[in-house]
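Dock chains B and C against the given chain A, drawing on the hints supplied.
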Amino acid sequence: MKLINNTSALFSCGFRPFFLLASIYAIVLIFFWVLFWNGVMILPETLGGPVAWHVYEMLYGFMLAVMLGFISTAIYEFVSFTGISRQQLMALVLLWLLGRISFWLSGIVGLIPAAVFNLTLLMYLLVLLTPSLWRDPGRPHMSFIYTFVGLLLIECGFYYSALTGQAVMPWLYTSIGLSMIMIIIAMSRISMRVINGMEEGVQLFKQDVEYLARPPRRKIAIFTIALFSLAELIMPGNLINGWLALAAAAAMLNLLNDWHIGRPLFNPWVFSMYAVYWLMASGYLFIGLSILSDVPEINGARHLLTTGAMGLAIFIIMTFSGQVHTGYGVNYRPWILISTLAILVATLSRVLIAWPTMMEHSASLILISSIAWMLAFSLFIIFFWRLLTGAAIDGREGCLD
Amino acid sequence: MNLLRLWLRDLPAYLWSGWGAISSLFLLLALWQWGNQVYGDLVFPAPLDAFIVLKKLLLTEQARTELLTTGWRAFAGFIISIIIGSVLGITAGLSVTASIMSRPIVTVLVGMPPIAWIVLALLWFGATDMTPIFTVTVACFPIVFVGALQGARTLDGSLKDMARAFKLPPYMIFLDVYLPHIISYLFPAWISALGMSWKIVVMAELLATSDGVGAALAVSRSHLDTSATMAWIVAVVGLLLIIEYLLLEPVKRQIERWRNE
Amino acid sequence: MKLLNVEQVSHSFGITEVLKKVNLKIKSGQVVALVGPSGCGKTTLLHLCAGLLNLTSGHISSNFESTAFMFQEPRLLPWKNAIDNIALGLKARKVAKKKIKLISTEIGLTMGLATDDLEKFPHELSGGMQQRVALARALVLQPDLLLLDEPFSALDIGLKTELYGLLIEQFIQRNAAVLMITHDLMEAVRLSDCILLMASNPGRIVKEFFLDKSISERDDSWVYQTTAELIQTKEVRNSFELTPAIST
Chain A
1 MKLINNTSAL FSCGFRPFFL LASIYAIVLI FFWVLFWNGV MILPETLGGP VAWHVYEMLY
61 GFMLAVMLGF ISTAIYEFVS FTGISRQQLM ALVLLWLLGR ISFWLSGIVG LIPAAVFNLT
121 LLMYLLVLLT PSLWRDPGRP HMSFIYTFVG LLLIECGFYY SALTGQAVMP WLYTSIGLSM
181 IMIIIAMSRI SMRVINGMEE GVQLFKQDVE YLARPPRRKI AIFTIALFSL AELIMPGNLI
241 NGWLALAAAA AMLNLLNDWH IGRPLFNPWV FSMYAVYWLM ASGYLFIGLS ILSDVPEING
301 ARHLLTTGAM GLAIFIIMTF SGQVHTGYGV NYRPWILIST LAILVATLSR VLIAWPTMME
361 HSASLILISS IAWMLAFSLF IIFFWRLLTG AAIDGREGCL D
Chain B
1 MNLLRLWLRD LPAYLWSGWG AISSLFLLLA LWQWGNQVYG DLVFPAPLDA FIVLKKLLLT
61 EQARTELLTT GWRAFAGFII SIIIGSVLGI TAGLSVTASI MSRPIVTVLV GMPPIAWIVL
121 ALLWFGATDM TPIFTVTVAC FPIVFVGALQ GARTLDGSLK DMARAFKLPP YMIFLDVYLP
181 HIISYLFPAW ISALGMSWKI VVMAELLATS DGVGAALAVS RSHLDTSATM AWIVAVVGLL
241 LIIEYLLLEP VKRQIERWRN E
Chain C
1 MKLLNVEQVS HSFGITEVLK KVNLKIKSGQ VVALVGPSGC GKTTLLHLCA GLLNLTSGHI
61 SSNFESTAFM FQEPRLLPWK NAIDNIALGL KARKVAKKKI KLISTEIGLT MGLATDDLEK
121 FPHELSGGMQ QRVALARALV LQPDLLLLDE PFSALDIGLK TELYGLLIEQ FIQRNAAVLM
181 ITHDLMEAVR LSDCILLMAS NPGRIVKEFF LDKSISERDD SWVYQTTAEL IQTKEVRNSF
241 ELTPAIST
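Residue numbers (this note's numbering), protein chains in the order written: chain A, 1 to 401; chain B, 1 to 261; chain C, 1 to 248.
Same shape as in the complex, but just chain A (with noise of 0.2 Å):
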């Protein structure tokens, strides 16, 4: 049996290869990370050590790799006059891959070609987005290039720091807050759609729903989160910075405003949503907690962020938005709960691991973290690969809806 049938279906539109690398890398990264945990096997040396390798695949390599995925799709309704064409996407997905084979290979190669091919698939997905982007009137989805220009000044500060010798992991904790930052337009575009009946075929409710995302309370969010994630760039450890998180925390409880608008937020896909926001409300507040009281550990609270946030946000979109461009209708499948259940069950292990008492079972809890987090991934590789590599079931090409 062949497994890809087809690869000009599964290079038709932009979701489509990178949501399968993506969920296939997150699978291979936490497997390698777990075995390294528990001693098993060494990781290949990298710039930055173990650590920084772990943080910056997650985020440039699976997270990233959603976000492009999301972003060459959602192109097509953004601005209907272009796309980007089958060879540059191509051109994207040999790039990233370059920049993963790359990175793994840094401390043999040296850093330059990591730097250079992760930096231009930046660059190059900016110069295919940005003229169609900016020529939209009225440009508001502008908001997407301003954070893919963060991403990439904050990779270009990580490799600055890496060749001059100086500390990278403040690069990497500045990235997680532009990903918090990401997540939250993404899922202001998603959620609008999604909850009002504004996309095609996908209707949610018997009655008519009235969601607004409004955008103050949004700016709000990102404006406190961008604030805490530079000033940590810039003084790490300062009691300040505890303040911020706090502020970031109530600002993300604030944007649950809009979302209090009755029956429909049990709906299961609009509450997933909703989850997200408060895995990232709590994941501030207690990385504010632990700055103000001192605590040294913050990875724990940290984690509430990655796996929590991220990784549950990461999910809806790629079923969500799966479902919808593969033209098989939006259907909550029980498989789909078990997945957002083990990506709850990931998070909470690992955030554990910070809690005093619990130091013990630090390795226990991190198998139990990894395993979860795999079991969600591996379930959506099983369901989706037929969807993902062969043709869209009604019939349409490429992303057009």
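To be clear, the hints were calculated from the coordinates, so they are not data collected in a lab.
Owing to the predicted nature of the structure, the values given are computational and were not obtained by experimental measurement.
Beta carbons: idealized from backbone N, C-alpha and C, even for Gly.
Please note: incorrect hints may appear among the correct ones.
Unchecked claim - With a Cα cut of at most 20 Å, we get these calculated EDC-like pairs of lysine to aspartate or glutamate: (1) C:K120 - C:E106; (2) C:K25 - C:E208; (3) C:K91 - B:D176; (4) B:K167 - C:E65; (5) B:K167 - C:E73; (6) C:K97 - B:D176; (7) B:K167 - C:D84; (8) B:K160 - C:D84; (9) C:K120 - B:E256.
As the list claims (entries may be wrong) - Which chain B residues face chain A? A few, computed with CB under 10 Å, are given here: (10) G20; (11) A21; (12) W32.
This is chains B and C only, laid out in the frame that chain A set:
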């Protein structure tokens, strides 16, 4: 009764929208923390230190008495000023002559610095409760008066005609046609007056009395205890925030539901 | 017989004389239209009839039991929702609360408001909806004399026709009287039994036209034809300052 029901119904959504305000306040605390890092603990104690001192203070019987005393004085002065200010303001506003005549007098009252009133009050009433109460009353009165005056002056003539055409009795003309309009001017004035009363009372106490928050501030100043000073400031401002956002703002929203949003 | 009788009424604002020795009579079951150019004192006359202005010269007597007035604008109380605005006159008459709600809701629905519109504040309603509320507020009092100050002039032609239709229907049923102002001759021809033509400087009635055909029997062609005839008369052309008619 109806107002109370609506207030309770909209309260959860209103409280939740308070997270935006809380977020801003945290940013302010970050700024405060920064000030502390620039100027040092002695000059500008850190927020957490001030909160710890405040917690200790609030556990003592004495601090609670000071807060109650100050609260009572501010409240008494505030109530007197809103009663006199509202009644006189509406009366003056209903007559063109009276409103023209009262303008310069109000300007004088607004221009009079509160500190001058404190000195006068000290001479008249000595170090009694009356000094802060009086100062609060005269400082708040012009704000309320102007609000009431504006409200009464801007009554819509066309609605008056409508009321006459439908032969509404005088009590209905007042309650249904005049009052809601005037209230929409009065209420914001009351809120400003409340903030004003709270500030003035502390100042008056600092200079004129031996009890209350103002006096406690004077003591902490003489001890060069900046943490205690900040703690008292937090207590005073915190109480004002609670009264304004938990009590007055939701009521105002209910009263003004008819306005364009 | 109920009668509104205006005799020798004159009125001045400051030194400007706006009405000079106006006489008119309206009986039950009659619709009278006051037609004239802007500024000819139509509104002043109507306000005098309603008692909104003090009479300074002349005499007005009325034995109608209840009079309602509709203004050019809706003039709703912005802080009361639609139903409470409709109920205003009933509340002034001290009708029992339950009954007020019942009657107001019924008339509101008759005027084409939806149930949830009744709970809305005026600013949430469109101009047409606001005038429906104002109409309901006037009709809920079951007046036997209604004074209309061009209440629907700001609405589009479809809405205007619909609201006038609702109004006339109510009045024919109860044999009440209407005194309406309009500057639209065709509207007057369509709706009234008697047209009083006014001229300005100073405001006075220059001509009465009686229309014999009953209101319900008038069709469009009759209205167009009668309007065309009226507009050819010397008095109408003078009053509206049109050029003299071309004789054919």
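Given the hinted pair K167 of chain B and E73 of chain C, is their alpha-carbon gap at most 20 Å?
Holds: K167 of chain B and E73 of chain C sit about 18 Å apart, inside 20 Å.
Is the hinted pair K97 of chain C and D176 of chain B satisfied, with a Cα-Cα distance of at most 20 Å?
holds (16 Å)
Mind checking the alpha carbons of K120 of chain C and E256 of chain B for me, to see if they're no more than 20 Å apart?
holds (14 Å)
Next pair to validate is K167 of chain B with D84 of chain C; report whether the Cα-Cα distance is within 20 Å.
Measuring from Cα to Cα gives roughly 16 Å; hence the hint holds.
Given the hinted pair K167 of chain B and E65 of chain C, is their Cα-Cα distance within 20 Å?
With Cα atoms ~13 Å apart, K167 of chain B and E65 of chain C stay inside 20 Å; holds.
Are the Cα positions of K120 of chain C and E106 of chain C separated by 20 Å at most?
holds (16 Å)
The hint names A21 of chain B as touching chain A; please verify it with the least Cβ-Cβ distance against 10 Å.
Check passed: Cβ of A21 of chain B comes within 8 Å of chain A, closer than 10 Å.
Agreement of K160 of chain B and D84 of chain C with the hint, judged by alpha carbon distance not exceeding 20 Å
holds (17 Å)
Is the hint on W32 of chain B kept, meaning its closest Cβ partner in chain A is under 10 Å away?
holds (8 Å)
Is the Cα-Cα distance between K91 of chain C and D176 of chain B 20 Å or less?
Holds, because 11 Å separates the two Cα atoms, which is no more than 20 Å.
Regarding the pair K25 of chain C and E208 of chain C, is the alpha-carbon distance no greater than 20 Å?
holds (11 Å)
Hinted contact G20 of chain B with chain A - closest CB pair below 10 Å:
holds (4 Å)
In summary, this structure violates none of the numbered hints.
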